[in-house]
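Given the structure of chain A, go ahead and fit chain B onto it with the hints provided.
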Amino acid sequence: MSFVPGDIPTAEYEFFAENTIVMIVPNLTLPVLEMIHGNFGPFRPLIPERVPLWFALALKKRQRCSIQLPSWLGVDELTKTLEAERRNERFEDLPQHFFEVAHLLLELARDDFGDARTAHSVEGLLADIEDVRHAKMRAQFARVELGAHGLLGVTRLRGLTPIEINRIRTFATGSLGMLKRLRPAEDAQTQPTQTLPAGLYGQQPAFVDDRALQATLQRRR
Amino acid sequence: MEIDGADPNVNDDVGRLMQAYVNEKCAPHILPYEQQLAGIIVELVGLQEEKMGGELSASDPRRPYYELELERMRWLLRAYLRTRLLKINTHAFTILLSPELKSRLTAAEVEYAEGYVTLVEEHVKASVTGRLKAGDDNCHVLAPSDLALLLPRQHDGVVFCRIDADAGQVDLGLSAGSAELRRGDIVASSFSDVEPLLLSAGADGGPAMATLV
Chain A
1 MSFVPGDIPT
11 AEYEFFAENT
21 IVMIVPNLTL
31 PVLEMIHGNF
41 GPFRPLIPER
51 VPLWFALALK
61 KRQRCSIQLP
71 SWLGVDELTK
81 TLEAERRNER
91 FEDLPQHFFE
101 VAHLLLELAR
111 DDFGDARTAH
121 SVEGLLADIE
131 DVRHAKMRAQ
141 FARVELGAHG
151 LLGVTRLRGL
161 TPIEINRIRT
171 FATGSLGMLK
181 RLRPAEDAQT
191 QPTQTLPAGL
201 YGQQPAFVDD
211 RALQATLQRR
221 R
Chain B
1 MEIDGADPNV
11 NDDVGRLMQA
21 YVNEKCAPHI
31 LPYEQQLAGI
41 IVELVGLQEE
51 KMGGELSASD
61 PRRPYYELEL
71 ERMRWLLRAY
81 LRTRLLKINT
91 HAFTILLSPE
101 LKSRLTAAEV
111 EYAEGYVTLV
121 EEHVKASVTG
131 RLKAGDDNCH
141 VLAPSDLALL
151 LPRQHDGVVF
161 CRIDADAGQV
171 DLGLSAGSAE
181 LRRGDIVASS
191 FSDVEPLLLS
201 AGADGGPAMA
211 TLV
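Line by line, the protein sequences give chains A and B. Going by the working numbering, the letters in the first sequence line up with residues 1 to 221, in that order. Going by the working numbering, the letters in the second sequence line up with residues 1 to 213, in that order.
So here's chain A without its partners, still in its complex pose:
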């Protein structure tokens, strides 16, 4: 098995997202938890507390708390986000783990959304936001493919969340890397090269300095 840069599974993004701090309303009594992540509690019934999402979900699994949804996950807020996303060319600033936290809460704390209809609306809005942002990303990279002008401008992707970047990583890094290699200015500066098959030193093709290699081989003869 060889190392492939940027190979991060979605489950790992969810793992990172579980460190997001959320508010819970516990229905149990617990003294202060002195954790590596920080000190949380003490917990008393009906007194809201801030905790990491992984801890909130562990309590939720045992039916020991309800989770107060982040304000950005309400139907009104998501509708505003969707409208802004459709209206503006730039990407809206979202919390870093927007999609992962929403997905985890919808999956594991669905009853905290109030009723099934609200949860369904939230799901629909999230899918719409994701689609609109994905369409914007496609448009950005289509412009990269059409010409080198503005390559820098369209590669500034302010507002994208890590998991969105991960979804386009293979395609984007591959095509941008190829564009970089094909740049005439760069070609003119480089010495004649010979490409070896990919895989000799990782994913990328190795470039052999012909003259130096030939000189060494001559010496050996």
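Hint data in this document are derived by calculation from the structure and do not stem from the laboratory. Treat the hints loosely; a few may be bogus.
What the hints assert, rightly or not - Incomplete in silico selection of chain B near chain A, CB under 10 Å:
(1) Val-14
(2) Gly-15
(3) Val-45
(4) Met-73
(5) Ile-88
(6) Thr-90
(7) Arg-162
(8) Asp-185
The beta-carbon is built from N, C-alpha and C at its ideal position, and this holds for glycine as well.
For chain B alone, coordinates are given in the frame of chain A:
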């Protein structure tokens, strides 16, 4: 919309180790080992394990939550170290031939890389080069020191980088000129162009000017 903010009750080292892991996963080169950060987390895990084995009774209601957190921390540490080992396996020759890359390894990692290279060389010698006829003009066996000639001239790749502090004018390589990078910008650029921003934390000990995403 409320965006992520720092929480005073939260130990930032955990988040920093997660970011170090993501950086390591996304960077094509091996990065400097986060000695201090990993050391702190290892120490905290040890202290927590001691607490679990000592003062905390088996029936303490906090125990399952402490155990869950310990599992998460152990996984994170293992994932970080395994990613580095996988990189060393993949690029062992490159790393050992470059003093700069070699200096980024711990003593144990250097020992591992050298052992790995020896193993590969012995295997290649036993299965291929050792069986070649001496003086055969069509075969030229390169010495390990000659491998430098075969190394990628630009062992580089495009990465996504988030700018965490205003960086001023930076040449991103992909464009004709440089660009002003502001906090919050995300750029797709050659790793070599953003590497100085990524490693900027080393000098003053402060947070890095950029992280990989």
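We went through each hint and held it up to the structure:
1. Val-14: The hint holds - Val-14 of chain B has a Cβ within 10 Å of chain A, the shortest such distance being about 5 Å.
2. Gly-15: Hint on Gly-15 of chain B: holds, closest Cβ of chain A at ~6 Å, below 10 Å.
3. Val-45: 7 Å, holds
4. Met-73: Hint on Met-73 of chain B: holds, closest Cβ of chain A at ~6 Å, below 10 Å.
5. Ile-88: Cβ of Ile-88 of chain B sits 9 Å from chain A, so the hint holds.
6. Thr-90: At 4 Å from the nearest chain A Cβ, Thr-90 of chain B passes the 10 Å test, so the hint holds.
7. Arg-162: With a minimum Cβ separation of about 8 Å from chain A (threshold 10 Å), the hint on Arg-162 of chain B holds.
8. Asp-185: With a minimum Cβ separation of about 5 Å from chain A (threshold 10 Å), the hint on Asp-185 of chain B holds.
Of the hints listed earlier, there is not a single one the structure fails to meet.
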